[in-house]
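Engineer: Protein sequences, first through last, are from chains B and F. This note's numbering puts the first residue of the first sequence at -2, with every later residue one more than the last. This note's numbering puts the first residue of the second sequence at -2, with every later residue one more than the last.
In short, the hints are calculated from the structure, not lab data. Note that beta-carbon positions come from the ideal geometry of N, C-alpha and C, so glycine has one too. Be careful, since some hints might not be right.
List time: in silico DSSO-like cross-link candidates among lysine-lysine, alpha-carbon distance up to 30 Å [as the list claims (entries may be wrong)]:
hint, chain 1, residue 1, chain 2, residue 2
1, F, K293, F, K185
2, B, K156, B, K182
3, B, K211, F, K293
4, F, K293, B, K193
5, B, K182, F, K286
6, B, K193, F, K286
7, F, K286, B, K211
8, B, K293, F, K193
To spell it out: a stretch of chain F is covered by chain B in this simulated footprint if at least three of its residues, at any positions, have a beta carbon under 8 Å from a beta carbon of chain B; those stretches are [what the hints assert, rightly or not]:
hint, region
9, 200 to 213
10, 287 to 299
Letter by letter, the chains look like this.
2 protein chains.
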Amino acid sequence: MSLLVVGSVALDTVQTPFGEVKEGLGGSATYFATAASFFTDVQLVAVIGEDFPEEHLTFLNQRGIDLAGLERNMGKTFRWKGEYGYQLNEAKTLQTDLNVFESFRPKLPVSYTKASYLFLGNIDPSLQLDVLRQVTTPKLVACDTMNFWIGGNRDGLVKTLAGVDILMINEGEARALSSEFNLVKAAKTILSLGPKTLIVKRGEYGALMFNGNKIFAVPAYPLESVFDPTGAGDSFAGGFMGVIAQNAGGEISDQTLRQAAIYGSVMASFCVEAFSLDRMRSLTQDDIKCRYIEFKDLTGYEYTA
Amino acid sequence: MSLLVVGSVALDTVQTPFGEVKEGLGGSATYFATAASFFTDVQLVAVIGEDFPEEHLTFLNQRGIDLAGLERNMGKTFRWKGEYGYQLNEAKTLQTDLNVFESFRPKLPVSYTKASYLFLGNIDPSLQLDVLRQVTTPKLVACDTMNFWIGGNRDGLVKTLAGVDILMINEGEARALSSEFNLVKAAKTILSLGPKTLIVKRGEYGALMFNGNKIFAVPAYPLESVFDPTGAGDSFAGGFMGVIAQNAGGEISDQTLRQAAIYGSVMASFCVEAFSLDRMRSLTQDDIKCRYIEFKDLTGYEYTA
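Chain B extracted, bound-state conformation (with noise of 0.2 Å):
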């Protein structure tokens, strides 16, 4: 069944102590919608501006992304700069220019509006519960946020969270919105907010689920090269929600979210290993099902009482 997706589309310019790139192809929403795409049809809500190349847009077509609801509009398209040292875990941020993001008002395409699995990408709170609230019968709704709206428009994110299934979030965004150091104590704060299920990212260490009342460790794949971690949340995202719109029809059990979570660091595993979402355009079925089973060579041992 589909998937919607609405966040950024940006031109990205990051260095690394591995190489750099300069206005490659990003964005949260970008990221998503192609590591959705090995599992599901994916509908993508988002902007660019009149510079937009078109040659990710056939990247993106050929991904069989639904481009209905992708806006133009003049002026220019979204750009962020950032580096990393070596410790790849967080960004600086060196410049963003929002551009035609600056008053991006999502408005779904008919086509969109039944959509069943919806993930709501880092945007102004005000804007995500606005694209929920146009989207008739979700079955699921996961969606993301940032320290920027945690403290600025903390109202509005506690409006979104009360109609959102799923939260991922970074361990500090957990802390920031919760007021609790401890993870543990965030995530019973954060799930009486809403959400049933707490997914706290921790980057090269992978994630924690929180669901109801059982906790799920989920490893980071641990690589011999990672040149670039921009993406690696949006792409465990869209891993995560692309498995479970796939197995449609059944019910989303804590064993679906666990296999959903694995696929989604499988595949946060293969974009941290290049630049922009160069990974994906070479990235095959064959790949991800060796990793999914490297996973469980990963985490696997023989359990006896």
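Based on these hints, arrange chain F on the given structure of chain B.
Structural biologist: Using the frame of chain B, we list chain F on its own:
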């Protein structure tokens, strides 16, 4: 079969955001031996001063730990003073008084020289090697070290590592020892120095075990209240080696090491629930079994290819 540990017995003064303990029982050998004592017979080699409280000896005796190798020398017991912030992963050392530990030259009682399992706690690598040479037929040797020795006695450490099966160190130490930032690359370099297995401890993020060309991700148990992380690494090592010694006789397979690593993480999770070794005083076999079962739930998922 018997498990021998050499390391420190100390009196620790520790402050965390959740309280403090003054001159509590501590030391690498103490944490290791106590954790291991829940699984197997333990022989302890360490030194204490004249001022070492009898109650601590009573506790170690009650845990069934063989203290024939615990020297009591003229002078004061090793003291360490440290504090932790909310980010509990790393201690800030405020004061170290080596006292009798400074001139410690471990000598094994004859009854110890036939130990099958050996843990070389964090002491001068040259002394570790000296102990290793006194043990006639070790079946498995594990070892810890720290940046102080990696920088200060690298030659000695490299000699010791040539005779070690399993090295257990933290992320920073793995990077310093290998001169590689990436942990997969670091592991390859370190495994070329002798150990067949490297366990990289990552505090609240768990551990990665590199065994030959296999990697196992060990989660840390997400606790709602962490009081004092002191001794977590040694408790991990104690649980790990204790389980291996308990199951002695069989082949030490990759699966054996994985189960041992989970028990290591179980014991570390109890250690940090209270100051000093206080949680170990009330810990039962049922507590351990319950948490081992909880780890299965923390890491398990239905695998469908």
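Engineer: Evaluate each hint against the coordinates.
Structural biologist: Verification of the supplied hints:
Between K293 of chain F and K185 of chain F the CA atoms are separated by roughly 29 Å; this keeps the pair inside 30 Å, and the hint holds. Under the criterion of a C-alpha separation no larger than 30 Å, the hint pairing K156 of chain B with K182 of chain B is consistent with the structure, at around 21 Å. Taking the CA atoms of K211 of chain B and K293 of chain F, the gap is about 12 Å. The hint holds against a cut of 30 Å. The straight-line distance between the Cα atoms of K293 of chain F and K193 of chain B is roughly 22 Å, inside the 30 Å bound, and the hint therefore holds.
Between the alpha carbons of K182 of chain B and K286 of chain F the distance comes to roughly 24 Å, so the proposed pair stays at or under 30 Å and holds. Restraint check: the Cα-Cα separation between K193 of chain B and K286 of chain F comes to about 29 Å, which is no more than 30 Å; the hinted pair holds. Proximity of K286 of chain F to K211 of chain B is assessed by CA-CA distance (about 18 Å); at most 30 Å being required, the pair is judged to hold. With a CA separation close to 22 Å, the supplied pair K293 of chain B and K193 of chain F stays within the 30 Å bound.
Interface restraint, the region 200 to 213 of chain F with chain B: holds (6 residues with C-beta to C-beta distance below 8 Å; minimum three). Counting residues of the region 287 to 299 of chain F whose beta-carbon sits less than 8 Å from any beta-carbon of chain B gives 9, enough to reach three: the coverage restraint holds.
Figure legend: structure checked against the earlier numbered hints; every hint is met.
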